[in-house]
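Residue-level listing of the chains:
There are 2 protein chains.
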Amino acid sequence: MEPRAFQDSYPSELSHCYGCGRLNEHGLQIKSYWSGDETVATYVPRPYHIAIPGYVYGGLIASLIDCHGTGTAAAAAARAAGGELGADPRFRFVTASLRVQFVRPTPLGVPLELRGRVGEITARKVTVTATVSARGELCARGEVVAVQLPEGMMPQVGAA
Amino acid sequence: MEPRAFQDSYPSELSHCYGCGRLNEHGLQIKSYWSGDETVATYVPRPYHIAIPGYVYGGLIASLIDCHGTGTAAAAAARAAGGELGADPRFRFVTASLRVQFVRPTPLGVPLELRGRVGEITARKVTVTATVSARGELCARGEVVAVQLPEGMMPQVGAA
Chain A
0 MEPRAFQDSY PSELSHCYGC GRLNEHGLQI KSYWSGDETV ATYVPRPYHI AIPGYVYGGL
60 IASLIDCHGT GTAAAAAARA AGGELGADPR FRFVTASLRV QFVRPTPLGV PLELRGRVGE
120 ITARKVTVTA TVSARGELCA RGEVVAVQLP EGMMPQVGAA
Chain B
0 MEPRAFQDSY PSELSHCYGC GRLNEHGLQI KSYWSGDETV ATYVPRPYHI AIPGYVYGGL
60 IASLIDCHGT GTAAAAAARA AGGELGADPR FRFVTASLRV QFVRPTPLGV PLELRGRVGE
120 ITARKVTVTA TVSARGELCA RGEVVAVQLP EGMMPQVGAA
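Chains as they are written, first to last, in numbering that gives the first Met the number 0: chain A, 0 to 159; chain B, 0 to 159.
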């Protein structure tokens, strides 16, 4: 496992994401790491991330899968290119599509473990599948199709 | 358009959802209404609901689709049964699966319009398709498969 989270390697102007940006003080700030050929992130939902009392809100689970997926895509693209996550904008991905299947109600109040697996990698697109587990039990599965950040979305350095 | 939002008709013990519960002071509190045979909700993302600066976070869009979808499912089930949303727990749905396709980057700082359409309705399951638009332009499409709240997830009245 690398000591630095994928998301902490993003350049500052791309670090405002509500789900994973280290500069978004209101956000979830999720952190993803390599664990062998898989990726892993742990998140403890806040007490108000409720669906039905006692269970975690599905939109939060979708959000965790989304950011763990784009982070995994970025790290996999960098690894495949022999590069490192960092200033290179080739290694920043956004979500083209997201699928979540809720397998069982996710208990609130315990850490959630996300695991990601890299599927297809092409020049501009990476597919990631993910699982979300609580107390060792599978609660949700997801798939993220992530694409390189389009040039038109790239913020000017220092603008944000 | 009915004057009362679907989500404001849920019984109190089912009104803590982070996405749409009227009793969740930290949540998004989205409100959905009939508009003919479609359903509609409007939401203005908060300034920190950022993906890349200038654009809305995809996990928020997934969350809006999720709650507009389950709300639409509940309202459609009540309408199909000739009943009304309210205390009847038959008319409270949770998400079995969620799909979101991001069509174009969603601009931050303007209202988002969600529209829902009811697909298949069976005894315990309703499929809803949804669109998210900004300034009249389609930004995302979604599909929610919603199922009746399982009895085991039902909170005791007064417990939450």
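Check the hints yourself; a few may be wrong.
[Claimed, not checked] Derived, one-sided and incomplete: chain A residues facing chain B with beta-carbon distance under 10 Å: (1) GLU24; (2) GLY35; (3) VAL39; (4) VAL43; (5) HIS48; (6) SER62; (7) VAL93; (8) SER96; (9) ARG98; (10) VAL99.
Treat the hints as calculated values from the structure; they're not laboratory data.
Quick caveat: nothing in here was measured; it's all calculated off a predicted structure.
From the three backbone atoms N, C-alpha and C, an ideal C-beta is built for every residue, glycine too.
Results for each hint:
no., hint, result
1, GLU24, "8 Å, holds"
2, GLY35, "26 Å, violated"
3, VAL39, "19 Å, violated"
4, VAL43, "15 Å, violated"
5, HIS48, "5 Å, holds"
6, SER62, "3 Å, holds"
7, VAL93, "7 Å, holds"
8, SER96, "5 Å, holds"
9, ARG98, "5 Å, holds"
10, VAL99, "5 Å, holds"
Of the hints listed earlier, those the structure fails to meet are numbers 2, 3 and 4, in rising order.
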